[in-house]
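**Student:** Protein chains in written order, with this note's numbering: chain A, 1 to 517; chain B, 1 to 404.
Be careful, since some hints might not be right.
To give an idea of the interface, some chain B residues facing chain A are shown, with a C-beta separation under 8 Å as derived from the structure [as the list claims (entries may be wrong)]: (1) N106; (2) D139; (3) S140; (4) F144; (5) K285; (6) N289; (7) G290; (8) R292; (9) E331; (10) F334; (11) V375; (12) R378; (13) A381; (14) T384.
Stretches of chain A that chain B covers, calculated by requiring three or more beta carbons in the stretch to come under 8 Å of a beta carbon on chain B [what the hints assert, rightly or not]: (15) 298-305; (16) 442-455.
No wet-lab data here; the hints were simulated from the structure. Idealized CB from N, CA, C, for every residue including glycine.
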Amino acid sequence: MTTHAWDVIVIGAGHNGLVCAQHLARAGQSVLVLEAGSAVGGFAAAREFAPGFKAAVGAQLIHQFSDQSVRELQLERHGLRWAARKLSTTVVTPERSVRILGGQVSGTSANDAHAWAHLSARLDRYAQFLNAVQSSCPPRLGSTDFQDRWSLLKMGLRLRLLGRRDMREFLRIVGMNVYDLATDELADPLLQAALGMDAILGSNFGPRAPGTVLTLLSRRAGETTSANGYSLPIGGPGALAVALADAAQAAGVTLRTDALVARIAVEEDRVVGIDLATGERLCAPRVVSNVDPRQTFLSLLGTAHLDTGFVRRVDHFRQRGITAKLHLALDGLPTLQGLEPSRLGDRLLVAPSLDYIERAFNASKYGEVSSHPALEVTVPTIHDPSLAPAGQHVLTAIVNYAAFDTKAGTSAARAALLQNTLATLDAVAPGLSARVLHSELLLPSDLERECRVTGGHWHHGDLAFDQFLMVRPFPGAAQYDSPLQGLYLCGAGSHPGGGLTGLPGRLAAERILRSRP
Amino acid sequence: MSTGHDYPSPPHFRKPLLDTPFHERARALSQNDNFVPWSGYTTVDVFTTVEQEYFAIRNAATLYDLTPMIKYRVVGPDAERYLNRLVTRDVRKLKIGRVSYVVWCNDSGHILDDGTIFRFADQDFRLCTAERQLDWLLDSAIGFDVVVEEITAQVAALSLQGPTSCYVLKKFGLVGAEQIKPFEFREFQSAGRTIMVSRTGFTGDLGYELWMQPEHAIAIWDALVEAGRTRGIRAIGSQALNLARIEAGFLMPNIDFLSAEHTIRMHRERTPLELGLDWLVDLGKPHFNGRRALLRQKAEGLRRMLVGLDIEGNKPAHNALLYASPRDQRECGFITSAMWSPTCKRNIALAILDAPYFEMGRRVHADIYLHRELVWERRMAAATVVERPFFAPDRRRLTPPADR
Chain A
1 MTTHAWDVIV IGAGHNGLVC AQHLARAGQS VLVLEAGSAV GGFAAAREFA
51 PGFKAAVGAQ LIHQFSDQSV RELQLERHGL RWAARKLSTT VVTPERSVRI
101 LGGQVSGTSA NDAHAWAHLS ARLDRYAQFL NAVQSSCPPR LGSTDFQDRW
151 SLLKMGLRLR LLGRRDMREF LRIVGMNVYD LATDELADPL LQAALGMDAI
201 LGSNFGPRAP GTVLTLLSRR AGETTSANGY SLPIGGPGAL AVALADAAQA
251 AGVTLRTDAL VARIAVEEDR VVGIDLATGE RLCAPRVVSN VDPRQTFLSL
301 LGTAHLDTGF VRRVDHFRQR GITAKLHLAL DGLPTLQGLE PSRLGDRLLV
351 APSLDYIERA FNASKYGEVS SHPALEVTVP TIHDPSLAPA GQHVLTAIVN
401 YAAFDTKAGT SAARAALLQN TLATLDAVAP GLSARVLHSE LLLPSDLERE
451 CRVTGGHWHH GDLAFDQFLM VRPFPGAAQY DSPLQGLYLC GAGSHPGGGL
501 TGLPGRLAAE RILRSRP
Chain B
1 MSTGHDYPSP PHFRKPLLDT PFHERARALS QNDNFVPWSG YTTVDVFTTV
51 EQEYFAIRNA ATLYDLTPMI KYRVVGPDAE RYLNRLVTRD VRKLKIGRVS
101 YVVWCNDSGH ILDDGTIFRF ADQDFRLCTA ERQLDWLLDS AIGFDVVVEE
151 ITAQVAALSL QGPTSCYVLK KFGLVGAEQI KPFEFREFQS AGRTIMVSRT
201 GFTGDLGYEL WMQPEHAIAI WDALVEAGRT RGIRAIGSQA LNLARIEAGF
251 LMPNIDFLSA EHTIRMHRER TPLELGLDWL VDLGKPHFNG RRALLRQKAE
301 GLRRMLVGLD IEGNKPAHNA LLYASPRDQR ECGFITSAMW SPTCKRNIAL
351 AILDAPYFEM GRRVHADIYL HRELVWERRM AAATVVERPF FAPDRRRLTP
401 PADR
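Between the sequences and the hints, there should be enough to build the whole structure, so can you do that?
**Tutor:** Below you can see the structure in the form of structure tokens.
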């Protein structure tokens, strides 16, 4: 009999890997988490981008991590503190702005405020339905297994329980593009743009892309799990990752950083562990990969262990990121045109209309960067001064869009997008660029390298109908399984997808515990 | 006057079927103008009569134009690993200068195609297939250091089959051709032309396949016809070959099984185990396409299998349904290929039978429909599951072959 050093090895200490590891350890498994980098957290990992200035590599706000998970995973006991909660969203243009908190809007017409409240309530009902689906393991289609049939039946029942009107309306809009939905329901271009931004952030879509209502609902579904809205932990999103790591270790998980996995070890058609790049073999009957599906199967496992049809599906999985991330070190607080300074603490959207976002998207289709990028901006130092030296500030922005393979080459594209982004910011906050002490713009190719995610895609793969639910990432690897006995997935490439939700990690752990080793 | 187009004349879309390098000779010898399309080429179905051509296969020597068979070159450091993952047989055991009959499957273990692999060197192979499938072959190459390219049009191929075929080769001037063992191939020089000769074929008889550059095709054809003049050599079409292959118990794609890529309905695909090709499946070698599915099928048992049938009477059981008892309403199988075998003097067929009727020696009944001068008649004929091949003369294996 083979003796294994560990019950389970988790590859990658991104937040999903850490969530999965803790759940497994609590169920009595001995768990080893291996992280290639020196910091935990993946896209949420903390990063000192200039001396004394800190930001997370990718994420800038927490808004989909459920309150239940915070309790279950005992994160507050392990150091998670909040700098700000329930942040408003402000859509800002040089001329005017609107401010959104849930279903309430200020700065728009009474009609639009009413329409927004109405639409918001409706979308929340659909989001709640979708959340129920997203927080359970998706069923296998065509399966005769009781569990699969039961969850499919439950899904159908839940949909029916929306009521006839809502069910029809849900089915009508779920395949639509957000452009049509927003222009149907709202008149204020700023509100339309706010809805559009939520639908496209992190994905390879413009607001006119079919299926963007689904991405919008999927995002909102995650948001229904927390009563606290957009939140910022003290220390930034990286602090959530650190708390996850500490809590996992307290639950018995062993964490090794700077441990680059070279390959998943296979003997007699089943997983026996992993080989580190150093040549060290670590044995476990089960390996859980938090790495994106493409790397997991094509690089770490190798196609020789897989069937061609499956490899074809891996190869066709769409995961080219087109979202960039900007970090600015500022020597003082910028001023927003026509707004009081405190509004800088909001989640700021710089996207005056849906057409503006769509035009920004066009560039990425042709191997270029947006001349007028659409931005989600935060100034976290308003709430948490510890992120910068005294009196100085950090500004972070999610920048849409930058093609993965830019025609101009990486450094020219980086310089161009930085210039375009600063110009865009200067228009709403005059003089901002003069305050910049240091800047860092991470293109998708930079994120690919920094976070070791193929394509640098925020969600490890586009959220689209053909990569959603029971077919995410693709048939044969959905439900956190793989064709190879003992190999599982727990990353954002799996259902329900990306964002700081921890759900793929939790559901993968449930799946693994249900299956035989 | 310029038409504004620079198409070759006549433009390609005026002649959708290509000519093979032997076409000029085939056209001249064809008495019935009986041409059929095959993989994008026009080829002869019958030159004179099927009977004449069939008996030439079993009693003399025959030439059959094989050029439309799809050929791929597979080269590179991972070529062996690549092919071993692609097909169900263990390619590591294939020596240089040898040929192997193989099948390959999709993920669910269903057959995509059958064909042959030639090994020229450690890292240099040729894969011959019935269907074009570069997409599958290229997708299979993901993660392997290998180059796959189609070379169908770059290699002309001619099948020389029949008991006098070795004599024809020697007379043609290929010294040492008689030493080629079954599933072996060698290169020869003849009048400054390179010819590769493999002892392979689709007739179950003594025979060879000749591979050459297309520009040498006509000259080699003429020289072979000349060399075989006293040995009854004749050109044959696909119909006669089809009879010979049924006797040999060989399977014909699109007749005895469909490529899983082409099936639409459930349960129309076939695994190698279901086709009685378990001897081609090496479940002990490293992972290959469909292995996990085949292991599952093996554990669960087969629901149907392809077998040989010996049917009473002499009426070929074309397309007949099979019943466990003559009075059954529900069929237990169906015929895929059938013929009266003149050489065996038996009424033979290949059939798919449900479990448990495919056991050796089991008796079933074939519902044969006969079309006699526009009148349909029906015969319920008893049939017995028998071993394949139906016809396997010693001369197909004998090295050197007898000098006739």
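**Student:** Which hints, by number, does the structure contradict?
**Tutor:** Hint check: 5, 9, 10, 11, 12, 13, 14 and 16 fail, others pass.
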